[in-house]
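Chemist: Sequence lines, in order, name chains F and H. The first sequence begins at 1 in the working numbering and counts up one residue at a time. The second sequence begins at 1 in the working numbering and counts up one residue at a time.
The set of hints was computed from the structure by calculation and includes no laboratory data. Hints should not be assumed to be uniformly reliable.
To be verified - Taking lysine to any residue pairs in the SDA-like style, the calculated list, with each CA pair at most 25 angstroms apart, reads:
| id | chain 1 | residue 1 | chain 2 | residue 2 |
| --- | --- | --- | --- | --- |
| 1 | H | K194 | H | T213 |
| 2 | F | K125 | H | K169 |
| 3 | F | K72 | H | Y330 |
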Amino acid sequence: MKFPLKIVAADETETIDLAKKFSGVLKPGNTVALIGDLGTGKTFFTKNVIAAFGNSEVSSPTFAIVNVYETKFKIYHFDFYRIKKVGELYDIGFDDYLADSDAITFIEWADLFPEILPEHRFEIKINSIDETKREFIIESL
Amino acid sequence: MTVLGIETSCDETSVSIIKDDKLLSNLISSQDFHVKYGGVVPELSSRAHLQMIEPLVKQSLDEAGLKKEELDVVAATAGPGLIGALLVGLNFGKALSYSLNIPFVSVNHIEGHIFSGFLMEDKPEFPYLCLVVSGGHTLLLLVEDDLHIKKLGTTIDDAAGEAFDKVAKMIGLGYPGGPKIQAYADNGNPDAIKFPIAQLKTKYDFSFSGLKTAVLRHIQKEFGDSSKIPEDAKPDLAASFQEAVVKALTNNVKKAIDKYEVEVHSISVVGGVAANQAIRKSISAIAQNRSIKFVVPEFQFCGDNAAMIAYRAQKLYENGIISDLSANAYPSLPKDIFI
Numbered sequence: 001m002k003f004p005l006k007i008v009a010a011d012e013t014e015t016i017d018l019a020k021k022f023s024g025v026l027k028p029g030n031t032v033a034l035i036g037d038l039g040t041g042k043t044f045f046t047k048n049v050i051a052a053f054g055n056s057e058v059s060s061p062t063f064a065i066v067n068v069y070e071t072k073f074k075i076y077h078f079d080f081y082r083i084k085k086v087g088e089l090y091d092i093g094f095d096d097y098l099a100d101s102d103a104i105t106f107i108e109w110a111d112l113f114p115e116i117l118p119e120h121r122f123e124i125k126i127n128s129i130d131e132t133k134r135e136f137i138i139e140s141l
Numbered sequence: 001m002t003v004l005g006i007e008t009s010c011d012e013t014s015v016s017i018i019k020d021d022k023l024l025s026n027l028i029s030s031q032d033f034h035v036k037y038g039g040v041v042p043e044l045s046s047r048a049h050l051q052m053i054e055p056l057v058k059q060s061l062d063e064a065g066l067k068k069e070e071l072d073v074v075a076a077t078a079g080p081g082l083i084g085a086l087l088v089g090l091n092f093g094k095a096l097s098y099s100l101n102i103p104f105v106s107v108n109h110i111e112g113h114i115f116s117g118f119l120m121e122d123k124p125e126f127p128y129l130c131l132v133v134s135g136g137h138t139l140l141l142l143v144e145d146d147l148h149i150k151k152l153g154t155t156i157d158d159a160a161g162e163a164f165d166k167v168a169k170m171i172g173l174g175y176p177g178g179p180k181i182q183a184y185a186d187n188g189n190p191d192a193i194k195f196p197i198a199q200l201k202t203k204y205d206f207s208f209s210g211l212k213t214a215v216l217r218h219i220q221k222e223f224g225d226s227s228k229i230p231e232d233a234k235p236d237l238a239a240s241f242q243e244a245v246v247k248a249l250t251n252n253v254k255k256a257i258d259k260y261e262v263e264v265h266s267i268s269v270v271g272g273v274a275a276n277q278a279i280r281k282s283i284s285a286i287a288q289n290r291s292i293k294f295v296v297p298e299f300q301f302c303g304d305n306a307a308m309i310a311y312r313a314q315k316l317y318e319n320g321i322i323s324d325l326s327a328n329a330y331p332s333l334p335k336d337i338f339i
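Sequences are here, hints too, so could you generate the full structure?
Modeler: Put into structure tokens, the structure is as follows:
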């Protein structure tokens, strides 16, 4: 996989395929920032990356703010959707999660608080083209 | 026996005291501490829990008319939830039990919800079917007795409460989503728009992500975007969405009652979304149809609260299950969820 990558997935199967391939480039310590409107499939994509690591029971972290999974790697799955100000993130120890070099961190709605994202990260923008078709723009920053 | 329970798994700080099955006090920060903290809903933070925990414990003892030396057991939520938030309640509870030299019981937050029907006068009868619907969870369970719970189904993506919040935002109804959708739905036609209800291969699982996206597509197709929805179209949107959630929930409840090998004696709906009238009504109708008892907790026991934690701790203690001071917080629901 070479970055930046711009690719269209025609349906869920192709999205799952892309998620699997993307999982191959991830290493402990990496952060993946996901950006896209409601219903573009940020959770769906993340769920399938984590499934490739061996946990298929991933659900939305919106309410919990962060879900933790033990797979081949330790996974922190964040969602900034419900966060009202950046101070709340500091307060729940966001720094400590990020500093965990054994874990891979996924962040949905990462664009809500760009100032708190690590400088080095994968950034995935997802755009809806129609009901099932999605455009993925993946950058390695 | 007198149990003091502490709940700090997410947004709410809550302290409750139960004595011999009787509720003496149930304080919840967002409901009881507004005035003191300037009328602002406390933000999501461990510091907010830290500020509120001690005054809440004191006020709870005052309300119950007890001295702390009269407590027999201290309990706190250990998970699932936000680690920083959980640790505040858990460590406060452990320290309190240590200082009073009485047992400490750590409680699974979801187990608290599951047994919250027992806080009511009319209690569930084992075995009962339990539907947990909240912001973070949607679970269908068979509760065999105090110590045996079987998971029949769960959500594979969004929780029911999350769907309510996100759709309320899409329609432009504001926060909190649950009560707003309900209020608009009261004036709308639930059959106006046919939103899809997920049919999953796994028998009792739920999915609400597709429904959320379907509402979004409908809005985009009919109105362009959220900001252009005419006020008079909102009630039908809310009612039709709520109807789809109700159907998804009731389909699985019906299936479980009719097809599952165990004959259930009660149905209980618990968790924050159990406050929704349409959900209460339709599941109560299923129960009535089949002459099964229906139990739903009153509002103060639906959202996150410490009364359910104190009650659960009492049952665990009666069954000889106590924790030691090394009990740790856990962020996620363990795989083999319950005991």
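Chemist: Sort out whether K169 of chain H lies within 25 angstroms of K125 of chain F, counting only the CA atoms.
Modeler: holds (22 angstroms)
Chemist: Going straight from one Cα to the other, do K72 of chain F and Y330 of chain H come out at no more than 25 angstroms?
Modeler: holds (19 angstroms)
Chemist: With the threshold set at 25 angstroms, check whether the alpha-carbon distance from K194 of chain H to T213 of chain H stays at or below it.
Modeler: holds (13 angstroms)
The structure meets every hint from the earlier list without exception.
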